[in-house]
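Here's the letter readout for the chains.
Protein chains: 2
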Amino acid sequence: MSIAQKRIQAVKQHLTPEQEHAKAVDPVASMNEERAKAAFDIRALTILMDGGEKATLLKEKIMQELERDPLFKMDDIHDISKSELRERTMEKFSSMLHHLQNESVETFKKRMEIVSLVDPGFWTRFGVHYGLFVGALQSNATPGQLGYWFGKGALSLSSFVGCFAMTELGHGSNVPGLETTATFDEASDQFIIHTPTLTATKWWIGGAAHSATHAAVFAQLIVKGKMHGTKCFVVPLRDPKTYNTLPGINIGDIGKKMGRDGIDNGWIQFTSVSIPRAYMLQKHTKVSRTGQVQEPKMQQLTYGALLQGRVTMVADGSNVSKKALSIAIRYAAVRRQFSSSKTDIETKLLDYPIHQRRLMPLLAQTFAMSFTATEMTDMYNLMMTRLEGAKEGDADIDEVMEILKETHSTSAGLKAFCTWNCLSTIEACRQACGGHGYSAYTGLSSMYADFAVQCTWEGDNTILTLQLGRYLISSYRDALGGKKLSPGVGYLNKLDVLIGKKCQVKRMEDILSPELIIEGWQVVCANVVRNAGIEFDACLKQGMDVDDAYEHCSQSRLYAAKLHSFSYLFNRFADGVSKVTGSLYDVLIKVCLLYGLYSIEENAGAFLQYEYFSPAQIEFIRSSVNILCKDVREQAIPLVDSFNLSDYMINSPLGRKDGNVYVHYFDQVKRSNPQTQHPYFDRLIKPLITRDVGGEEDEEDEEAGLEDEDDEDED
Amino acid sequence: MSIAQKRIQAVKQHLTPEQEHAKAVDPVASMNEERAKAAFDIRALTILMDGGEKATLLKEKIMQELERDPLFKMDDIHDISKSELRERTMEKFSSMLHHLQNESVETFKKRMEIVSLVDPGFWTRFGVHYGLFVGALQSNATPGQLGYWFGKGALSLSSFVGCFAMTELGHGSNVPGLETTATFDEASDQFIIHTPTLTATKWWIGGAAHSATHAAVFAQLIVKGKMHGTKCFVVPLRDPKTYNTLPGINIGDIGKKMGRDGIDNGWIQFTSVSIPRAYMLQKHTKVSRTGQVQEPKMQQLTYGALLQGRVTMVADGSNVSKKALSIAIRYAAVRRQFSSSKTDIETKLLDYPIHQRRLMPLLAQTFAMSFTATEMTDMYNLMMTRLEGAKEGDADIDEVMEILKETHSTSAGLKAFCTWNCLSTIEACRQACGGHGYSAYTGLSSMYADFAVQCTWEGDNTILTLQLGRYLISSYRDALGGKKLSPGVGYLNKLDVLIGKKCQVKRMEDILSPELIIEGWQVVCANVVRNAGIEFDACLKQGMDVDDAYEHCSQSRLYAAKLHSFSYLFNRFADGVSKVTGSLYDVLIKVCLLYGLYSIEENAGAFLQYEYFSPAQIEFIRSSVNILCKDVREQAIPLVDSFNLSDYMINSPLGRKDGNVYVHYFDQVKRSNPQTQHPYFDRLIKPLITRDVGGEEDEEDEEAGLEDEDDEDED
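Same order as they appear, the protein sequences are chains A and B.
Each residue of the first sequence is one higher than the one before, starting from 1 at the first, in the UniProt record's numbering.
Each residue of the second sequence is one higher than the one before, starting from 1 at the first, in the UniProt record's numbering.
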């Protein structure tokens with residue numbers, strides 16, 4: 001439509017010229033305008049973050065397949081009931097099985113990563129079998145047992161769906177404290193699996209309510225009256241022909257959750273259920289026919305596989321943040337609100353300094369998480385390669401154990417840090433969309449509800465952060481003992497240089513350098529870890545045992561771990577940026593500096609406390625963050641485009657790539673809420689508003705009051 | 001059951017003595033133990049916070065009435081569908097109407113406050129008519145018009161339910177930018193209400209989808225082609241006899257939201273709808289028969305009523321925090337996890353220093369919000385008394401305007417600060433409940449979803465915080481000009497004393513004093529407000545206009561407002577505590593100091609930046625927070641009990657007063673999820689697990705692998 005035509009139409013619609021002017025800039029034009037600003041090759045950035053063009057193409061292929069698969073229809077997801085969602089989630093199994101059996105492990109892993117972004121509930125439900133149950137077999141079964149259960153159909157889902165029964169009503173993180181018992185009955189050569197108390201009820205068991213035929217049950221091994229700790233047992237739950245529960249098994253539905261309602265979490269109680277002795281997974285601990293218990297020697301070597309979940313969650317935190325920011329930033333690029341005194345065209349949200357402050361640091365953080373996730377995955381894969389076949393007595397066993405320890409602590413800390421970051425990013429994005437963020441259809445509320453559990457499962461975030469803190473203290477003590485530490489905590493080998501070091505720059509602008517920021521973080525982290533270490537030592541000197549001492553200084557541990565994680569992310573980001581050149585470097589270095597300075601500003605107390613930066617330097621950093629927010633804002637849409645998430649994946653009218661947010665949003669709301677007969681007018685409203693309310697009202701002559709008597713200009 | 005009996009039963013259940021020991025401390029006993037620690041009169045604290053015994057008794061009466069009213073049944077709320085919830089919400093109208101018509105305004109306000117804690121969706125839906133629609137009449141109608149609409153049934157809901165049609169798809173906070181038009185047609189003496197564009201669609205209108213017969217519509221007044229700004233018009237929407245929409249009115253359902261699904265939010269489009277001229281509410285602007293527009297002189301005087309919502313939300317933030325903390329702290333008092341090396345009895349969560357750190361500062365903050373809410377309500381009531389009948393030319397008009405300005409800014413800042421605090425408190429409480437926090441039945445997830453909108457409606461929190469920031473800058477400039485400021489910002493009259501002032505204490509312990517903390521906050525706030533003011537002045541000197549200058553320094557404004565709010569809350573809390581004595585004082589002063597020091601720790605960067613505290617003092621504050629957390633933890637259950645929320649109000653098995661959390665939780669889960677036939681076994685699971693998967697599996701002789709061949713002890 002030409003401007004003249006628009007004007008004519010505007011006049012017809014009782015629009016004043018002012019309003020017509022305000023209309024002149026429509027959302028699609030606004031979005032195009034932003035996209036035209038790209039100062040770098042968006043595709044190149046996508047490929048960089050994906051780890052190569054092949055990975056990008058694979059990702060695009062999978063996104064397209066999902067979008068075209070009617071089972072993966074997602075735009076009606078907010079209005080279907082829990083039972084519909086449960087059923088639809090189960091329905092997706094068959095299509096995923098096809099891929100599982102016909103593509104490489106690497107491709108399937110990528111597929112699952114993308115599926116988790118589209119339908120986290122399905123991803124979990126499917127993962128309960130393939131990740132948790134099959135993972136438990138792989139970690140705990142002897143080769144013979146593995147063959148047996150695979151032969152029974154555990155891999156192909158033939159008469160077999162597994163679930164993972166670890167947590168109990170009264171016990172979550174404390175696995176050694178689980179109450180379920182597995183008592184060896186020598187006479188019958190069986191274990192008796194039993195739920196002795198209410199709190200021993202297996203709880204939150206994904207797949208238990210409607211899917212599983214078998215469970216990997218974690219229970220206290222009791223042989224000849226002696227407890228041998230928590231072991232894993234395969235327990236049949238249901239007859240696969242009828243899905244009736246087997247004798248002694250009681251299962252119920254856990255019901256409604258905050259999110260991920262597609263998963264059929266259940267509770268299980270066992271009442272003296274007998275299973276063959278060989279159903280105990282005996283790769284590590286073995287129980288013989290005569291009740292001899294053989295304990296494993298280096299069980300730590302088996303922990304590696306348990307870290308997979310955490311590593312995946314670092315990547316998921318980065319991916320979900322990308323999805324949330326795609327919505328909030330695209331919306332901010334087209335949403336206009338208030339106009340300055342100089343123009344009638346309202347200002348884009350993205351042009352408000354405060355809106356830049358709300359979103360740009362989170363965008364920078366998301367890039368930092370993305371680079372970190374890649375590195376974390378590499379670290380994990382490297383570790384698994386080293387662990388493969390490693391056994392006690394190997395020449396390099398100490399080194400392998402060291403790598404395991406580092407990966408364990410790093411993944412613990414990053415899982416916590418990145419899932420917390422992601423959860424707050426989703427909420428910040430939701431709030432940044434104003435009222436529309438409260439609509440289910442704009443996608444951020446369910447994203448929050450679905451994601452929130454990531455802060456709790458596979459290790460409560462606070463507990464995981466404390467684990468990293470413990471590792472930092474022990475690394476500090478190792479360093480004092482002269483040990484050369486691994487790179488992630490290498491700065492603790494330089495305590496004498498770092499403690500007391502101040503920022504030395506000739507000009508304030510010299511602060512804007514990754515090297516200097518890295519140094520600053522090292523100084524601060526060295527100080528807080530050292531403080532925690534000193535506090536810990538003091539506790540030991542007061543006579544506390546190691547555990548009590550760690551408990552006593554848990555706040556210092558938490559603080560140290562948190563700062564270490566900020567620093568760690570910045571290092572990964574700076575590393576990543578140092579490897580690129582040209583216009584890609586030009587844009588990424590700004591994003592990287594923004595993350596660095598923002599993270600310093602967020603922790604200004606620590607930088608001032610240890611006097612690395614002076615108050616004036618902190619002031620400079622604060623204003624630099626403002627400037628960098630503005631700089632990054634200029635490339636915000638191209639940067640978000642580089643996340644390369646299709647409209648289907650984002651599944652939010654506010655995050656539409658074309659910027660046509662209002663049209664898509666209105667369509668979605670109308671489509672999802674077709675007009676119907678009034679559902680309860682006759683039953684509820686009519687009796688209410690037509691009831692007898694006394695005689696004072698409804699007098700027609702009261703209309704007299706409507707017109708104001710002193711209608712002044714007519715006097 | 002005696003201990004001997006327990007032991008016998010334990011042995012029968014295959015329990016080892018260790019497990020039996022761990023069972024010895026049951027949740028109810030744990031709770032009783034905590035309650036027995038009370039070192040103060042719980043009832044006295046309840047009465048203090050309620051503002052007198054009469055208020056406490058009233059609150060208890062209302063809680064009991066609600067609990068006994070079958071319409072207010074709440075324990076099945078998590079499993080009913082949106083349409084059931086909508087219908088049930090409407091059903092509650094009649095019982096509330098009864099109270100509305102039969103009790104004093106004060107009593108009814110208290111009732112609504114309590115209802116909002118039980119069923120925030122209903123509270124909103126009912127409030128749309130009585131708060132927003134009737135409020136719009138009261139603020140904007142002439143006495144005659146008010147009488148007319150009341151005569152039509154607007155007060156008694158007789159053939160009349162109102163809604164409040166302000167926000168549009170494309171406009172939320174920017175009311176002057178609304179696009180809906182109300183064009184005066186002199187020939188017919190009518191206004192033509194029209195939705196000119198998609199973005200002008202009225203959006204989020206509570207009550208529009210299913211309830212309202214009339215709307216208070218905010219639209220651009222156009223008379224003789226000239227725009228006169230946004231005014232309020234009463235527009236009939238539906239025939240009250242049939243609930244069919246009237247000609248030219250199109251209404252749709254906004255559908256699923258993050259929370260509060262009991263409200264029937266709708267969208268409305270007007271297509272040249274004619275209404276009588278007198279349906280424009282003409283208390284302020286008047287339009288005569290001949291199209292003469294008479295603008296109001298001092299419209300600001302009418303803004304007072306608009307602040308009611310914000311003031312209510314400060315109280316709601318405090319109340320909802322109390323509810324969330326009742327759940328998390330009671331659960332932490334009975335939940336045990338991990339045992340130290342010295343005992344087999346697992347440790348209560350509440351005894352972990354890190355868990356104290358997670359919850360005790362939030363408990364302290366909630367007390368601060370509670371005292372602040374009381375003061376904010378008093379300030380508002382005082383203002384309304386002064387505003388009543390105030391008009392241009394009154395001798396005290398300047399003073400009245402000053403009070404209005406202060407209440408406006410204070411309520412803006414506190415609404416934002418307290419609703420943000422409350423939202424994070426809910427989430428922190430949810431995470432502190434571990435996995436169970438993710439269950440719908442434990443109540444925290446829906447509390448979060450319901451509360452989240454408070455950060456957006458009645459003014460987006462960021463924008464409101466900026467408003468406070470603007471007030472702080474203008475107060476700073478007034479102070480420089482020699483004006484004596486109102487108490488809330490009185491510290492800005494002492495800039496010469498405060499700027500550069502350092503904490504002067506002989507001994508570190510002297511920091512533990514409300515007076516010193518107040519001084520510290522004044523110094524910090526004086527500095528940040530002054531910095532923002534200097535930045536603002538510099539912008540003006542560079543030639544920016546006032547609005548641009550404010551925009552430019554929005555980050556400094558936000559920062560100043562945030563710190564001012566911390567300080568404000570601490571002042572209110574310290575004020576409140578200074579008025580009590582004895583054992584109540586002894587416990588409250590610790591809670592108060594905890595809030596003070598925690599708030600300093602959270603903003604350590606600012607205290608170090610302006611050098612009020614030295615790094616060593618900040619270290620002392622950090623460790624004092626640890627100690628105070630431990631102190632407050634000792635009284636945590638009595639403190640939570642003083643919130644005096646019944647089990648019905650809390651509606652969470654984890655928050656049960658008796659501590660019997662597992663029994664209640666398991667009961668709730670079972671009751672809410674009765675066992676049924678498998679819903680989709682035949683359709684989905686059977687075909688999946690019995691499909692042909694190729695010939696390799698299901699060979700019975702594969703059982704051979706199950707037994708490990710090198711079953712060593714038998715060799």
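The set of hints was computed from the structure by calculation and includes no laboratory data.
The structure presented is a predicted model; accordingly, all values stated were derived computationally and were not measured.
Watch out, some of these pointers could steer you wrong.
Because identical chains cannot be distinguished in the list, a pair is counted as satisfied if it fits within a single copy or across any two copies.
[To be verified] With a Cα cut of at most 25 Å, we get these calculated SDA-like pairs of lysine to any residue:
| id | residue 1 | residue 2 |
| --- | --- | --- |
| 1 | 110 | 296 |
| 2 | 224 | 36 |
| 3 | 286 | 542 |
| 4 | 686 | 87 |
| 5 | 256 | 677 |
Structure-based check of each hint:
In this assembly of identical chains, the alpha carbons of residue 110 and residue 296 never lie at most 25 Å apart, being 35 Å within a copy and 65 Å across copies at closest. Taking the closest pair of Cα atoms, residue 224 and residue 36 never come within 25 Å of each other, the shortest separation being 75 Å inside a single copy and 42 Å across copies. In this homomeric assembly, residue 286 and residue 542 never come within 25 Å of each other (Cα to Cα): the closest approach is 41 Å inside a single copy and 80 Å across copies. Within a single copy, residue 686 and residue 87 get their C-alpha atoms only as close as 38 Å, which misses the 25 Å cut-off; across copies the closest is 13 Å, which meets it.
In this assembly of identical chains, the alpha carbons of residue 256 and residue 677 lie at most 25 Å apart only when taken from different copies (18 Å versus 29 Å within one copy).
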